[in-house]
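Asks: Residues per chain are reported as follows:
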Amino acid sequence: MRTIATGVAGLALAGAIAASAEPALEETLEIDGQEMITQAPAPEGHPFDTVISGWHYRTPETRALETDTFVNPAMLYVERGEEIWNTVEGTAGKSCASCHGDAAESMKGVGASMPKWNAKAGKPYNMDLQINDCRVEQMGAEPYAFDAADQKALVAFVKHQSLGMPVGLDLTEGEMRKWWEQGKEIYYTRFGQLDLSCASCHEQHNGRHIRADHLSQGQVNGFPTYRLKQADLVSVQNRFKGCVRDTRAVPFEPLGDEAMALETYVTWRGTGLSVETPAVRQ
Amino acid sequence: MPPRIGCLAVVGLLFGVSIASAEVVKPTAVVFEDMTVRTPLTGEPGDPAKGRVIFADRKLGNCLACHANADQAELFHGEVGPPLDGVADRYEPEMLRAIVVNPKEIFGDQTVMPAFYRIIEGQRIAEAYKGKTILSAEQVEDVVAYLSTLKE
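Taken in order, these protein sequences are the chains called A and B. Heads up: the first sequence begins at 35 in my numbering, then just goes up one per residue. Heads up: the second sequence begins at 88 in my numbering, then just goes up one per residue.
FYI, nobody ran anything at the bench for these hints, they're computed from the structure. Any given hint might turn out to be false.
To be verified - Keeping only pairs whose Cα atoms sit at most 25 Å apart, straight-line, the calculated PhoX-like set for lysine-lysine is:
1. A:212 - A:150
2. B:146 - B:217
3. B:219 - B:191
4. B:219 - A:275
5. B:217 - A:275
6. A:275 - A:218
7. B:113 - B:217
8. B:137 - B:238
9. A:212 - A:157
10. A:154 - A:128
11. B:137 - B:219
12. A:218 - B:238
13. B:146 - A:275
14. A:263 - B:146
What the hints assert, rightly or not - If you want the footprint, here are the derived chain B segments under chain A, 3+ residues with CB under 8 Å:
15. 200-208
16. 212-223
17. 226-239
The beta carbon of each residue, even a glycine, is placed where N, CA and C say it ideally should be.
With these hints in hand, go ahead and build the complete structure from the sequences.
Replies: And the structure:
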């Protein structure tokens, strides 16, 4: 029964799929003259041969906005982040700069290797969790509410210090492997009334259009990204929320364990791509 | 068309039951035979004009998210599934019904096309959609009637 079924589908499908729109792979991205790695050989155990930045899937107009930090609308947020970096807040009377000095030096590369294992918390930390930890433990300040404008701006500023550096996680630390495995399981699990997994769209059908959207590999190397549609900076975990909601499922709690496992795994899927923060997307 | 609806309505009145609930096949009761669903899901033939609207509507079929269709070429379409031009030449209506009700029965478990008349349990389904099918029985029949007009 199944074999006949596949035969029928196969016949009907022949020819249709060959017509798919391809990402603009011949293009290269330079930001203020600095070359970005937007295609990289996939790490061992990856379903693809090549990992590809979401930049290649966007229109020429959107791609152009990322090439020059003067025209990139998200750079305003990065500037705001720099201001926060130097602002004293909390009962300890400190700013980020009090401890970490010049971000260009102390934070170079940090954004490229997150999420990273945090032994004290016993889980992977992404930039949002680390910043809240520093605010509470080191500064005596309130943690940011998820997706507070200042949180996104500060995350973008700190990650921007790694611009161009290849994403690479240390999965040997602590229990990173276990979290990676959990994230992988979530990635392939179908959710919602529409019964779709991350892989249904970003692995099985990347390169094709879903309605007006050109499906990419769903890489996170550009986050927080500026979305033209929302005219705002969007965090990684907010993007996950949107994609899960589109399947008519309940999104994972932002920064909760499932979402952190997913961020760990999805970040690994982009190993070798340059940090593009803040990237510009449709 | 209108006279027939009239007739059925009268019958419904006479027997004191709602026609819709009396004749609708429940999602769990749909029978698949040789990759077809022979019994219509409702007692009334589908309306292709309504089906055409459901096909495009993002909140209903949203079939255009994944399928091109020259008949509605003015709207944005996707390319996750094959173009549906001439689909009625390739499949009998009974098979089109089976595809819309639950494409996994036809294409296998790996297909990404959602089942439009199946109730899924668990998998984090949002409250608003729990225990519900994506389309109603009537809407499925409308879509099938519309697909049956797509000849080349």
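Asks: It remains to establish, for every hint, whether it holds in the given structure.
Replies: Against the structure, the hints:
no., hint, in the structure
1, A:212 - A:150, "holds (13 Å)"
2, B:146 - B:217, "holds (16 Å)"
3, B:219 - B:191, "holds (18 Å)"
4, B:219 - A:275, "holds (22 Å)"
5, B:217 - A:275, "holds (19 Å)"
6, A:275 - A:218, "holds (17 Å)"
7, B:113 - B:217, "holds (16 Å)"
8, B:137 - B:238, "holds (18 Å)"
9, A:212 - A:157, "holds (10 Å)"
10, A:154 - A:128, "holds (22 Å)"
11, B:137 - B:219, "holds (21 Å)"
12, A:218 - B:238, "violated (43 Å)"
13, B:146 - A:275, "holds (19 Å)"
14, A:263 - B:146, "holds (20 Å)"
15, 200-208, "holds (count 3)"
16, 212-223, "holds (count 7)"
17, 226-239, "violated (count 0)"
Taken one by one, the earlier hints fail for this structure at numbers 12, 17, listed in ascending order.
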